[in-house]
Amino acid sequence: MSRFQAGALVVYGNLGVHEVEGVGLRRFCDESAREYYTLRPYFSDSHDRSYIPTEKEAALRPVTPAQQAAADLARIKAEKLPIPAGVQTALAEHYQALLHTNDFYQYLTLFKELGQKQTQQQSRGRKINAMDTYFYQMVERVLREELAVAFGESQQEAGRRLLEVLR
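Just so we're aligned: 64 in our numbering is position 74 of the sequence shown, and the numbers increase by one with no gaps anywhere.
A couple of the hints might just be wrong.
[To be verified] Here are the simulated lysine to aspartate or glutamate pairs, EDC-like style, with alpha carbons at most 20 Å apart:
id : residue 1 : residue 2
1  : Lys70     : Glu154
2  : Lys46     : Asp93
3  : Lys67     : Glu25
[Unchecked claim] FRET-style restraints, in silico, Cβ to Cβ:
id : residue 1 : residue 2 : range
4  : Ser113    : Arg65     : 19 to 29 Å
5  : Ile73     : Cys19     : 44 to 54 Å
6  : Glu21     : Gly(-3)   : 24 to 34 Å
7  : Gly12     : Gly142    : 35 to 45 Å
8  : Arg30     : Lys67     : 27 to 37 Å
Hints in this document: simulated from the structure, not taken from any laboratory. Just so it is clear, the structure is predicted and the values come from calculations on it, not from any experiment. Ideal placement from N, C-alpha and C gives every residue a C-beta, glycine not left out.
Hey, can you work out the whole structure from these sequences and the hints?
Dropping the structure here:
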């Protein structure tokens, strides 16, 4: 039995909020038919679809409920986090490790760490490196989408709510 049914809103890793359009048997290339989720990006008018085998559904998680999201936002705002520093390869591994948890709170942690780092760099008159910018924008987009769905608000409102974490 599939964990998610048609109409469910899920977070698909670092690709953001998707709607499950259906669950059913599909056949790709020369492989035998398997059960797949058909996912549509929730905040896009594109005709893009993703097909995820149901046995790999760990890549999907339900959108965090508003009450839990609010509690996690308050918790991360109060938490003191170290500003990530070190060699680029080690930082990239750290950022990837947080993303691969596919956990809302870990995404908030990454967002706050990178936000603090950007603020620190700007206060020193330094540029923000491309890798940090890439990860910051990715995690910010996913969190903004998830918060918009959780709280039933626009992505702009969700973005403002998210930025409160950095204040």
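Taking the hints in turn, this is what the structure says about them:
Straight-line distance between C-alpha atoms of Lys70 and Glu154 comes to about 14 Å, which keeps the hinted pair within the 20 Å bound. Taking the CA atoms of Lys46 and Asp93, the gap is near 16 Å; set against the 20 Å cutoff, the hint holds. A hinted pair counts as satisfied when its Cα atoms are at most 20 Å apart, and Lys67 with Glu25 does not qualify at roughly 41 Å. Between Ser113 and Arg65 the CB atoms are about 25 Å apart, so this pair conforms to the stated range of 19 to 29 Å.
Evaluation of the 44 to 54 Å hint for Ile73 and Cys19 yields a pass: the beta carbon distance comes to about 46 Å. Glu21 and Gly(-3) have their C-beta atoms about 27 Å apart, which keeps the hinted 24 to 34 Å range intact. Look at Gly12 against Gly142: about 24 Å separates their beta carbons, and that is not inside 35 to 45 Å. For the pair Arg30 and Lys67, the beta carbons lie near 32 Å from each other, so the given range of 27 to 37 Å is met.
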